[in-house]
Amino acid sequence: MAKTVSIFFNNVNLQIYSQDETTGKIESVHLGDISTTINVKTPKGREEIHLVPAMVCYDDRIYYGQEVFTHKKFSSPATFKYMKQYISKEQYLPRIIDDQEISTFQAAADLLINIIDRIHDLYGKDQVAMIVFIVEPLNFQIFASTIEEFCLRIGLVNYKIVDEAVSALLAYDLASQINQHLVLLVFGYTTIAFYLLKIVESNSEPRLQSVVICSMHKNYGGADIDKVIHDCFLDKLPINMKKAREIRAKLNVTPNYNETVEGVKLSLTRSDLYEILDQKGYGEELRVLLRDLFDLASGFGVTYENVEYVLGCGLSLPTPYYHDIMKDFFGPKLLSHKTHNAIPIGALKYLKKGGRQATIKANYALRSRTAKGDGYRYDIIVPKGTPYPTQNGVTSIVANGFFAGQLEVELDIFRMDRPESSSDREIVIDDAGRIQMEENLADEQQSFINEAKPEIIPLDPPALDNEQRLEITFDISLNRDLLITVKDLRRNQIIWKRRKSVRIE
247 MAKTVSIFFN
257 NVNLQIYSQD
267 ETTGKIESVH
277 LGDISTTINV
287 KTPKGREEIH
297 LVPAMVCYDD
307 RIYYGQEVFT
317 HKKFSSPATF
327 KYMKQYISKE
337 QYLPRIIDDQ
347 EISTFQAAAD
357 LLINIIDRIH
367 DLYGKDQVAM
377 IVFIVEPLNF
387 QIFASTIEEF
397 CLRIGLVNYK
407 IVDEAVSALL
417 AYDLASQINQ
427 HLVLLVFGYT
437 TIAFYLLKIV
447 ESNSEPRLQS
457 VVICSMHKNY
467 GGADIDKVIH
477 DCFLDKLPIN
487 MKKAREIRAK
497 LNVTPNYNET
507 VEGVKLSLTR
517 SDLYEILDQK
527 GYGEELRVLL
537 RDLFDLASGF
547 GVTYENVEYV
557 LGCGLSLPTP
567 YYHDIMKDFF
577 GPKLLSHKTH
587 NAIPIGALKY
597 LKKGGRQATI
607 KANYALRSRT
617 AKGDGYRYDI
627 IVPKGTPYPT
637 QNGVTSIVAN
647 GFFAGQLEVE
657 LDIFRMDRPE
667 SSSDREIVID
677 DAGRIQMEEN
687 LADEQQSFIN
697 EAKPEIIPLD
707 PPALDNEQRL
717 EITFDISLNR
727 DLLITVKDLR
737 RNQIIWKRRK
747 SVRIE
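Anchor point for the sequence shown: position 274 equals 520 in the numbering used here, and the numbering is continuous, going up by one each time.
Hints in this document: simulated from the structure, not taken from any laboratory. Take every hint as true, because none was put in to throw you off.
In the DSS-like style, the derived pairs of lysine-lysine whose C-alpha atoms are separated by at most 30 Å in a straight line are:
| no. | residue 1 | residue 2 |
| --- | --- | --- |
| 1 | K607 | K444 |
| 2 | K584 | K595 |
| 3 | K489 | K584 |
| 4 | K573 | K489 |
| 5 | K699 | K743 |
| 6 | K699 | K607 |
| 7 | K511 | K482 |
| 8 | K271 | K371 |
| 9 | K598 | K579 |
| 10 | K526 | K496 |
| 11 | K488 | K573 |
Throw the hints in and build the complete structure from the sequences for me.
Structure follows, in structure tokens:
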């Protein structure tokens with residue numbers, strides 16, 4: 247049974263969900279030894295969610311997946327302080343490994359390759375119909391371009407990219423709220439992010455896009471409460487952060503925690519914990535942050551009253567201490583009953599809403615000289631209505647007619663607009679006396695779209711006279727870039743593979 251899969255990136259973990267295209271069943275995906283499982287309280291009861299922990303660097307290597315949680319240093323408070331230092335600098339991952347610099351995206355690519363391989367192994371590569379990657383709405387194009395380059399490199403074609411706000415909107419069944427002021431609240435384990443935005447429709451992919459008006463980010467999340475819980479038991483029994491996280495989860499669903507650990511009786515009430523948090527100023531810090539958001543928004547002409555909904559997302563939001571403050575501030579505007587999985591499930595809804603039906607809006611052609619050499623001919627390489635992205639070639643042509651010693655060939659690509667008006671056609675009589683309607687395809691109806699930067703294919707060794715030398719295949723990327731693959735038939739060798747050319751519409 248074919249599956250669609252969504253991958254949601256967090257700072258500390260990734261959430262992966264799949265949907266069966268036949269039954270519609272949605273499930274959190276467990277990827278073996280790189281996954282860890284948590285239980286969350288939802289309006290429908292307790293639910294298991296499988297997470298893939300993000301990477302942390304120790305010494306001379308990167309640890310990721312389940313390794314992160316089982317590594318002896320991971321559970322120390324110092325680790326989270328270390329991670330949050332990088333997050334505050336918007337680096338998200340340590341950048342130096344044994345004196346060798348490694349970028350965030352290089353490290354993330356290693357993890358993603360592992361994840362995608364495991365997804366294909368789990369369901370069967372030919373059964374994964376589409377993977378949708380979810381990225382933050384701010385700097386969407388930067389993230390989208392990076393993911394597209396990654397997918398091109400590994401040969402992944404059936405994918406989409408959508409932002410968190412669009413996903414949350416669809417998860418909360420608010421597709422009617424397009425062009426309305428909304429707040430996206432993403433409350434993760436170590437950070438909280440607010441985005442004041444509108445979601446608009448687009449004629450290109452992605453079909454729904456966020457327009458961010460302003461945003462705020464702060465190192466504030468469930469990890470801070472875990473640190474307080476850790477400190478509460480420091481005199482009795484030093485516990486690690488993993489245990490502190492378990493205690494917080496228990497206090498989320500029951501007012502009292504009592505347990506004997508290593509012969510030591512541990513107890514803590516929810517009210518006592520929240521009193522400590524108030525004394526440390528955590529609640530007031532969050533309230534100030536909320537007020538600051540609308541102070542910032544007022545500079546853009548947006549008030550609290552203008553905001554229709556607050557889309558609550560993230561695994562820290564269900565913590566009652568945080569949720570009560572948010573609910574008190576936002577009132578009925580706050581939607582939080584799907585906070586634990588709104589973003590990854592909303593992305594699957596994006597695919598069902600036609601996100602997979604994007605098509606090219608015009609004909610695109612390759613120009614060449616006619617056989618007589620007295621004009622040009624235009625061969626359609628991408629027909630209007632072609633769905634994208636493509637993998638196995640929209641069209642393939644064999645280039646011939648070379649002269650002896652020719653060293654290169656230029657590809658001239660044209661957009662061919664064909665207006666529907668009758669003024670662009672004329673009635674003619676053919677040699678047999680039949681009346682026909684003929685289309686006038688004047689020069690002004692053609693756009694030379696790569697004139698500024700034509701594609702030059704080198705010929706090494708030089709061409710022979712009238713040689714059938716090159717097989718050229720055209721594909722389309724997710725971002726509507728024309729991709730060109732060139733095979734040298736004499737050498738039986740691929741010299742260009744899905745090389746990015748001009749962007750088409």
